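Student: Letter by letter, the chains look like this.
4 protein chains.
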Amino acid sequence: MIIIMKPNASQEAISQVTKLVESKGLQVHLSKGDEVTIVGVVGDKSKLRGINMEISEGVEKVVQVTESYKLVNKKFHPEDSSIPVKHTSIGPGTLTVMAGPCAIENHDQLLQCAQEVKKAGATFLRGGAFKPRTSPYSFQGLEEEGLRYMEEAGRATGLATICEVTSLRALSMAVNYVDMLQIGARNMQNFELLKEVGRSGLPVMLKRGLAATVDEWLNAAEYIISEGNPHIVLCERGIRTYETATRNTLDLSAVPVIRAKSHLPIIVDPSHATGVRALVEHPSQAAVAVGADGLMIEVHPCPSCALSDGPQSLTFSQFAQLMTELKPYAQLENRRL
Amino acid sequence: MIIIMKPNASQEAISQVTKLVESKGLQVHLSKGDEVTIVGVVGDKSKLRGINMEISEGVEKVVQVTESYKLVNKKFHPEDSSIPVKHTSIGPGTLTVMAGPCAIENHDQLLQCAQEVKKAGATFLRGGAFKPRTSPYSFQGLEEEGLRYMEEAGRATGLATICEVTSLRALSMAVNYVDMLQIGARNMQNFELLKEVGRSGLPVMLKRGLAATVDEWLNAAEYIISEGNPHIVLCERGIRTYETATRNTLDLSAVPVIRAKSHLPIIVDPSHATGVRALVEHPSQAAVAVGADGLMIEVHPCPSCALSDGPQSLTFSQFAQLMTELKPYAQLENRRL
Amino acid sequence: MIIIMKPNASQEAISQVTKLVESKGLQVHLSKGDEVTIVGVVGDKSKLRGINMEISEGVEKVVQVTESYKLVNKKFHPEDSSIPVKHTSIGPGTLTVMAGPCAIENHDQLLQCAQEVKKAGATFLRGGAFKPRTSPYSFQGLEEEGLRYMEEAGRATGLATICEVTSLRALSMAVNYVDMLQIGARNMQNFELLKEVGRSGLPVMLKRGLAATVDEWLNAAEYIISEGNPHIVLCERGIRTYETATRNTLDLSAVPVIRAKSHLPIIVDPSHATGVRALVEHPSQAAVAVGADGLMIEVHPCPSCALSDGPQSLTFSQFAQLMTELKPYAQLENRRL
Amino acid sequence: MIIIMKPNASQEAISQVTKLVESKGLQVHLSKGDEVTIVGVVGDKSKLRGINMEISEGVEKVVQVTESYKLVNKKFHPEDSSIPVKHTSIGPGTLTVMAGPCAIENHDQLLQCAQEVKKAGATFLRGGAFKPRTSPYSFQGLEEEGLRYMEEAGRATGLATICEVTSLRALSMAVNYVDMLQIGARNMQNFELLKEVGRSGLPVMLKRGLAATVDEWLNAAEYIISEGNPHIVLCERGIRTYETATRNTLDLSAVPVIRAKSHLPIIVDPSHATGVRALVEHPSQAAVAVGADGLMIEVHPCPSCALSDGPQSLTFSQFAQLMTELKPYAQLENRRL
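Sequence lines, in order, name chains Y, V, E and P.
The opening residue of the first sequence carries number 1 in the numbering used here; numbering runs sequentially from there.
The opening residue of the second sequence carries number 1 in the numbering used here; numbering runs sequentially from there.
The opening residue of the third sequence carries number 1 in the numbering used here; numbering runs sequentially from there.
The opening residue of the fourth sequence carries number 1 in the numbering used here; numbering runs sequentially from there.
Derived by calculation from the structure, the hints in this document are not laboratory data.
When chains are identical, the list treats them as one kind, so a pair holds in a single copy or across two.
When the alpha-carbon atoms are kept at most 27 angstroms apart in a straight line, the in silico DSSO-like pairs for lysine-lysine are as follows:
#1 45 x 32
#2 195 x 74
#3 24 x 6
#4 47 x 195
#5 74 x 45
#6 61 x 47
#7 32 x 74
#8 45 x 261
#9 75 x 195
#10 6 x 75
Being a predicted model, the structure only gives us computed values, none of them experimental.
Please take these sequences and the hints and turn them into a complete structure.
Tutor: Have a look at this one:
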């Protein structure tokens with residue numbers, strides 16, 4: 001931690017700050033410049049908890065030198081993690097494709113989706129049983145009935161299954177049916193849910209919040225891992241910006257940024273990011289080329305009849321074609337698809 | 001609803017769209033321009049649920065003409081609402097000031113805060129018992145113990161009390177102790193929590209999400225009101241932008257925008273918006289001048305010892321001075337302070 | 001300047017950095033923490049120009065401690081500036097109102113505007129002779145003819161006149177006709193134009209760029225002042241965010257932020273910020289209450305016939321009423337209106 | 001154009017709007033819904049110039065159906081353009097790589113860069129002679145001297161040359177020395193400069209403004225093409241968002257978006273977008289995979305000595321390695337590299 005004093009900070013203010021730091025058993029390195037004095041703090045910063053240096057007399061600002069997340073931090077765990085799920089795993093050497101409908105609508109729709117995406121090469125079936133919708137009057141999901149279809153489709157096809165949980169109630173149901181949990185963008189900082197997911201024992205995919213920084217995202221993952229669950233996969237799904245030509249702005253640079261800061265795998269969801277079917281193909285290729293560990297793609301037997309997010313869903317044949325197109329990109333990145 | 005066809009849409013595509021709309025019992029008004037054809041849809045649009053016009057052949061885009069929120073919409077409820085809480089109310093003719101510490105730290109801190117803010121003219125005591133913190137290693141709140149202090153401070157001073165709830169568990173405790181619930185920015189789209197708050201019977205303050213549009217915010221309020229709870233107050237607390245000189249960007253224009261779209265009262269939280277004590281005074285005055293129904297202000301007996309958000313808290317004397325300064329602004333707006 | 005080394009930086013990397021700094025005649029203060037080493041640099045940082053510390057071996061990041069703008073910086077010029085223009089001045093103790101049409105359309109429109117805004121209490125006439133428009137097919141302004149009308153209206157009414165310049169050509173004409181120049185948001189970083197305006201001898205109002213940080217804005221002002229022209233007024237006019245309910249997001253907190261960082265006056269343009277006539281009144285009051293030195297308001301004899309930006313223009317009677325409403329707010333801030 | 005009336009619009013207001021439209025020689029299609037009435041306008045909308053429907057009595061909002069850019073619009077020019085420059089061309093079937101230093105610093109630096117990037121496979125030499133810098137005290141470029149080095153390096157290596165112009169003065173010099181002009185992000189809406197570049201006869205690369213929408217960007221291109229210059233290449237270089245982990249947020253989805261809306265080629269500049277050397281490689285691969293027509297990469301013989309933007313520059317060997325890595329990606333996209 002570095003404390004930068006104001007240009008006109010008095011000698012008294014400076015010694016007050018240093019005394020305060022030292023009183024907590026930490027050391028101080030003073031650096032007096034021509035314009036400002038800088039107070040470097042050495043030692044265990046947690047001893048300063050409960051002290052707000054920012055508002056001490058004469059302090060201009062406080063710069064944190066070390067990240068607040070530890071267990072997901074690459075600095076302390078340099079090897080990239082591989083997350084086991086059912087018979088497969090997500091991480092180095094693999095390009096994981098999760099595919100399926102935005103919302104589970106009925107038994108046949110989901111089973112058909114599962115069979116088709118399996119045939120095309122996906123290893124995960126995705127599908128929403130609990131749908132967080134902007135308006136209370138939109139379709140909210142089949143809940144436990146949907147989870148049952150999910151389990152059945154997983155059994156029938158051998159696909160691993162993943163389902164979003166939006167509350168503790170949803171979580172308590174989902175753990176009985178699916179192989180992997182998903183925390184959606186709107187719940188990235190629903191800390192109660194994160195902690196409970198951390199205790200669930202199931203692997204979890206944590207989507208980036210709509211306006212979350214990379215650091216907030218990794219801190220959210222730290223909530224899960226600090227409860228004892230290290231099986232976390234991150235998912236970039238677009239951030240909110242001023243641009244309206246796409247629903248969100250897919251931040252593909254976040255993939256190498258995460259790679260540099262954390263050992264967790266990261267996959268990309270181009271369907272939610274762009275919100276338009278015609279914009280799924282090329283961003284999917286780009287996601288592989290930028291180093292993502294996988295993709296989450298929305299597929300629907302009849303996109304124009306979908307109860308939610310139809311415009312961004314691929315048909316079965318579009319998905320099969322996409323999988324074919326992705327193969328050489330996966331090879332270039334030395335990933336099994 | 002208006003469906004705008006592509007310039008090169010075939011006659012067949014156009015009649016397919018109109019047939020689809022008519023098959024659901026709705027009427028169509030065709031408008032053929034030199035460049036594009038526009039299909040106006042007349043009737044109950046809920047009959048089209050489950051049909052994604054956006055991806056029908058030849059469709060360029062679909063424009064929604066009416067908002068999806070109804071019960072909070074000023075169009076259907078033109079008179080401004082006044083929300084009763086304890087002995088007071090929030091809305092027209094009143095400038096409500098909610099003040100207190102960011103986090104409840106102990107019995108004495110809270111009681112002292114309550115007495116001082118009461119003396120200065122506040123009518124609500126705020127204080128966090130459940131703190132949503134970016135890092136799992138930061139102070140998370142006293143929980144039920146804090147709620148007990150809250151109840152006691154409310155009883156001792158006559159102040160109404162408001163406390164953030166971050167989960168169903170927190171909610172089930174808070175309803176036994178406080179007069180008003182708060183949904184924080186991070187939970188604005190925690191729809192399970194919104195619904196449950198809608199069933200709680202207590203008045204609720206709904207903070208705007210960090211990157212929420214005005215329409216998403218009003219839809220979140222619709223989740224609460226559609227469960228039977230009309231006692232909702234909105235709270236603008238700054239949005240996330242590229243600017244880093246302030247913690248968030250306080251969107252004061254949102255106050256007249258909300259006033260035009262909804263009958264719900266709206267208050268402003270300049271403490272969280274700017275994140276800096278020196279930037280609380282002038283934005284508070286501006287919030288009153290822009291038409292807000294109230295303010296939420298962080299106050300702490302010793303900001304430099306605060307366990308959270310110290311830099312933005314006012315001391316007691318700063319708060320008392322602020323209240324004095326606000327009085328003539330409240331008068332200009334014909335609001336009791 | 002502070003150089004933060006990587007946690008795993010070698011001793012060699014650290015001494016290479018310190019040697020490099022010392023070789024330029026600067027001093028180094030080393031602060032070795034448990035996790036990282038920090039190198040404080042003391043002395044004239046301009047000696048390091050041409051050296052990119054960020055990419056030296058073992059460097060994590062470089063934190064600048066002092067701002068790059070000097071002449072507009074309050075630290076070196078603590079007294080607030082007052083900018084003289086014609087018979088008036090902009091700054092402490094005055095609330096300057098600049099009013100007039102977005103675009104000058106003809107002789108009578110401008111003269112009528114000038115007479116009416118003068119009568120209502122404005123001291124500046126604004127009006128665009130060079131209009132930067134998103135599309136090349138929109139009305140681009142009357143150019144020199146418009147400037148002549150401006151001069152005449154200024155002479156006839158005694159109002160000071162202000163006009164946007166969008167190029168060196170526009171500038172060379174405008175200096176012959178108007179009392180104050182305006183640099184628009186799109187040209188805030190048109191550095192050639194800034195420099196030339198800095199040599200023009202005329203006072204200048206510098207609007208904030210659509211996505212400019214406060215620091216970039218002050219650096220743009222530094223371009224003008226460093227050419228010898230200290231007569232600069234800043235103008236907040238809304239920034240680009242994800243919110244679409246208003247055209248831009250008016251950042252009123254920027255007023256106290258600027259006040260803390262610079263001695264230059266700052267005025268607010270609510271017309272461009274919100275883009276809607278009904279959203280001019282309350283934000284204008286808020287701008288005064290937040291401490292602005294003035295307002296720029298669009299007024300038009302017939303807003304529905306305006307060649308540009310009609311929706312945000314006030315009629316004469318709306319403007320007169322606004323001026324009446326603003327008076328008590330100006331008084332509260334001890335400003336002459 | 002579609003005019004949406006307010007729910008409570010009077011019959012009189014509706015007929016006033018329709019009369020106004022018809023009085024200009026346009027036709028009206030009325031669509032009366034249960035809640036609102038919609039007025040479709042058919043015919044040449046330019047006849048309505050000077051009339052602001054938005055503020056007519058009873059009007060809720062006006063929706064534009066057609067884009068304001070025409071000549072760069074794919075609708076009216078469906079075939080993708082190929083832009084000839086010197087012996088090469090930018091567009092379908094080619095992956096153009098422009099490489100060189102951010103700023104031209106001296107004769108040897110530039111010539112060495114040219115030789116090395118040529119050897120590695122680039123076909124364009126980039127280099128700044130006029131540098132738009134945030135602070136007036138940063139290095140501003142060698143100007144004409146730099147242009148002479150550029151011409152010489154182009155002649156010596158056969159590379160095409162491209163240089164940013166920041167003013168009419170810079171433009172008038174650059175046309176004598178370089179093969180292609182560049183408009184930087186800060187000048188994307190410097191309309192005077194765009195028009196003059198449109199008359200210059202030289203091909204031009206138009207970078208996206210820091211906070212420009214795709215539509216504003218295409219309108220800026222329309223300024224150039226409407227002056228008679230169709231040789232335009234767009235360049236995505238990152239947009240400003242709240243995220244600070246990268247300097248800007250590279251919006252790779254903008255590539256397929258532009259492809260759908262315009263026939264102009266588009267290249268990507270990952271160096272400026274991410275601002276970090278380690279984040280150039282993967283985003284470059286992704287840019288090719290997302291369908292870009294080329295890349296602009298910063299290269300410097302000694303990045304740690306660079307006078308500007310050193311942290312994002314590649315060394316010669318890093319660039320050579322990048323080119324090798326890009327080859328198979330170019331092949332997958334059927335582009336010659």
